[in-house]
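*Asks:* Counted from 1, the sequence shown has number 22 at position 23 by numbering that gives the first Met the number 0; the numbering is strictly sequential.
For the record, the hints were derived by calculation from the structure and aren't laboratory data.
Computed from a predicted structure; not experimentally measured.
Beta carbons are placed, not taken as given, at the ideal position from N, Cα and C, and that holds for glycine.
Incorrect hints may have been included.
As the list claims (entries may be wrong) - Computed spacing ranges between beta-carbons, pair by pair:
no.: 1; residue 1: Glu42; residue 2: Lys3; range: 26 to 34 Å
no.: 2; residue 1: Asn7; residue 2: Thr40; range: 29 to 37 Å
no.: 3; residue 1: Thr2; residue 2: Gln41; range: 15 to 23 Å
no.: 4; residue 1: Lys62; residue 2: Gln16; range: 17 to 25 Å
no.: 5; residue 1: Val74; residue 2: Thr40; range: 13 to 21 Å
no.: 6; residue 1: Thr38; residue 2: Ala66; range: 27 to 35 Å
no.: 7; residue 1: Ser56; residue 2: Glu36; range: 19 to 27 Å
no.: 8; residue 1: Ile21; residue 2: Lys62; range: 31 to 39 Å
no.: 9; residue 1: Ala39; residue 2: Asn63; range: 33 to 41 Å
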Amino acid sequence: MSTKKDLNQLRKKAEKQGFRFIETKNSHYKVFLVVSEATATQEEVLTFVTTMPSTPSEYRGLKNARADLKRFGFVHETERKGKPKPQRTH
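Given the sequences, and given the hints that come with them, work out the whole structure.
*Replies:* Here it is as structure tokens:
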């Protein structure tokens, strides 16, 4: 089960990688990928990626959002505690 903290961490990581989150009236997020930044003569160009929940009420919400983001180039680094497991040599 995902938590609100998990959703916030995913959002922060995605924003660092160029995704933009816009909150809807229903407390969901519309996720966009920034294709080109705004300049003095041109507006910012965004591509719609997905809609994701802002609360962890649905157990697949976090996994579905992560999968949708990965299709648009999101790289999710796994944070492991401790030492990595040794490789088997058999």
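*Asks:* Please go over all the hints and tell whether each is borne out by the structure.
*Replies:* Hint by hint, here is what the structure shows:
1. Remark: the range hint 26 to 34 Å for Glu42 to Lys3 is upheld by a beta-carbon distance near 33 Å.
2. The given range of 29 to 37 Å is respected by Asn7 and Thr40, whose C-beta atoms sit roughly 35 Å from each other.
3. The hinted range of 15 to 23 Å is not satisfied by Thr2 and Gln41, whose Cβ atoms lie roughly 39 Å apart.
4. The beta-carbon spacing between Lys62 and Gln16, approximately 18 Å, falls within the hinted interval of 17 to 25 Å.
5. For Val74 and Thr40, the Cβ-Cβ distance of about 32 Å falls outside the hinted range of 13 to 21 Å, so the restraint is violated.
6. The supplied range of 27 to 35 Å is met by Thr38 and Ala66, whose beta-carbon atoms lie about 33 Å from each other.
7. Look at Ser56 against Glu36: about 34 Å separates their beta carbons, and that is not inside 19 to 27 Å.
8. At about 22 Å, the beta-carbon gap between Ile21 and Lys62 misses the expected band of 31 to 39 Å.
9. Separation of Ala39 from Asn63 is about 38 Å and conforms to the stated range, judged on CB atoms against 33 to 41 Å.
When each numbered hint is compared with the structure, violations occur for hints 3, 5, 7, 8.
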